[in-house]
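These protein sequence lines map, in sequence, to chains R and H.
Residue numbers for the first sequence follow the working numbering, beginning at 1 and rising by one.
Residue numbers for the second sequence follow the working numbering, beginning at 115 and rising by one.
Quick caveat, the hints were computed from the structure, so don't treat them as lab data.
The hints are all genuine.
Footprint (simulated), chain R over chain H, 3 or more residues, beta carbon under 8 angstroms:
hint : stretch
1    : 158 to 171
2    : 215 to 223
In silico lysine to any residue, SDA-like type, Cα no more than 20 angstroms apart, as pairs:
hint : chain 1 : residue 1 : chain 2 : residue 2
3    : H       : K119      : H       : S179
4    : H       : K156      : R       : V12
5    : R       : K24       : H       : K156
6    : H       : K156      : R       : A88
7    : H       : K212      : R       : M60
8    : H       : K119      : R       : T38
9    : H       : K212      : R       : Y104
10   : H       : K156      : R       : R110
11   : H       : K185      : H       : F144
12   : H       : K156      : H       : T220
13   : H       : K212      : R       : L46
14   : H       : K212      : R       : N51
15   : H       : K212      : R       : D56
16   : H       : K156      : R       : E44
17   : H       : K212      : R       : P61
18   : H       : K172      : R       : T100
19   : H       : K156      : R       : E11
20   : H       : K172      : H       : Q151
21   : R       : K68       : R       : N51
22   : H       : K156      : R       : Q37
23   : H       : K156      : R       : L46
24   : H       : K212      : R       : E102
25   : R       : K24       : H       : A159
26   : R       : K68       : R       : E18
27   : R       : K68       : R       : G28
28   : H       : K212      : R       : E44
29   : H       : K212      : R       : S58
30   : H       : K156      : R       : T38
31   : H       : K212      : R       : A67
32   : H       : K156      : R       : G3
33   : H       : K156      : R       : A2
34   : R       : K24       : R       : E11
35   : H       : K156      : R       : M40
36   : R       : K24       : R       : S7
As the structure is a computational prediction, the values presented were derived from the model and not from experiment.
Beta carbons: idealized from backbone N, C-alpha and C, even for Gly.
This is what each chain is made of:
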Amino acid sequence: DAGVIQSPRHEVTEMGQEVTLRCKPISGHDYLFWYRQTMMRGLELLIYFNNNVPIDDSGMPEDRFSAKMPNASFSTLKIQPSEPRDSAVYFCASSSGGGTYEQYFGPGTRLTVT
Amino acid sequence: QQQVKQSPQSLIVQKGGISIINCAYENTAFDYFPWYQQFPGKGPALLIAIRPDVSEKKEGRFTISFNKSAKQFSLHIMDSQPGDSATYFCAASNHDYKLSFGAGTTVTVRA
Numbered sequence: 001d002a003g004v005i006q007s008p009r010h011e012v013t014e015m016g017q018e019v020t021l022r023c024k025p026i027s028g029h030d031y032l033f034w035y036r037q038t039m040m041r042g043l044e045l046l047i048y049f050n051n052n053v054p055i056d057d058s059g060m061p062e063d064r065f066s067a068k069m070p071n072a073s074f075s076t077l078k079i080q081p082s083e084p085r086d087s088a089v090y091f092c093a094s095s096s097g098g099g100t101y102e103q104y105f106g107p108g109t110r111l112t113v114t
Numbered sequence: 115q116q117q118v119k120q121s122p123q124s125l126i127v128q129k130g131g132i133s134i135i136n137c138a139y140e141n142t143a144f145d146y147f148p149w150y151q152q153f154p155g156k157g158p159a160l161l162i163a164i165r166p167d168v169s170e171k172k173e174g175r176f177t178i179s180f181n182k183s184a185k186q187f188s189l190h191i192m193d194s195q196p197g198d199s200a201t202y203f204c205a206a207s208n209h210d211y212k213l214s215f216g217a218g219t220t221v222t223v224r225a
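Chain R with its partners taken away, still in its complex shape (with noise of 0.2 angstroms):
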C-alpha cells in the first residue's frame, strides 16, 4: 500500500489567496483526520471524518477554515483567504476503525503564507 498520500508537499502563497490541501487515506480505512503542526502550538487536530462525515471540527480556527471529503478516497482542506499565520506542516491521517486506533499519517504539506 502506498500510504497516506498528500499534495502538494509545500505550497507557498501570499496573504488573500486560497489554498487548497488534498489528501488520500489508506484504501479501506474508514476515519481521516486533519492535524497542523506548529512549534508554538505542537500537533492539533482541525477535524476529522469517518465514513466521509464531518465527527469533529472543534479544532478547526476560523471560518476561513474549511474541509472536505467527497468520497472515501479523497479529502481537501481549504483555507480562504489564508494569512501568515496560516503557516504550518498540515498533515492528513488516517485510520481504519474498528476498536484499531492506530493512525497513520501522510507526509504532510508545509505551507508558507507571505
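Fit chain H to the known structure of chain R by using the hints.
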C-alpha cells in the same frame, strides 16, 4: 489547553544509553496511550502503544511504563542508537479516535 503534558522538551544521550520521556494526563477517560516517532520532514509514525489494563509493554528496545493511579506514562529507549534521533510524541485517546498529543521531545543520540 494541553491535555497531555510531556517532558523534557529535549534530551541528549550517548550511544548505548537510556532515553526516558515522561507524560502526564488528567482525563481519566483516556484508555489508549500511543507514542509516535517523527523524523525531520516526515509525518509521525506509531512506535508503540499501551492500554491502561497493563503496566508495561515492551517492543524491542522501546518500553512503555504506565502508572494508572498517578496518571503518568513514560517511554524508555534502551541502548539508544544514532538512528533513534527524532522527536517523540506521547498521546492519549478516550475511544473516540481523537488523539491529544503532548508537546514533543527531541532526542539526540551522540555517537
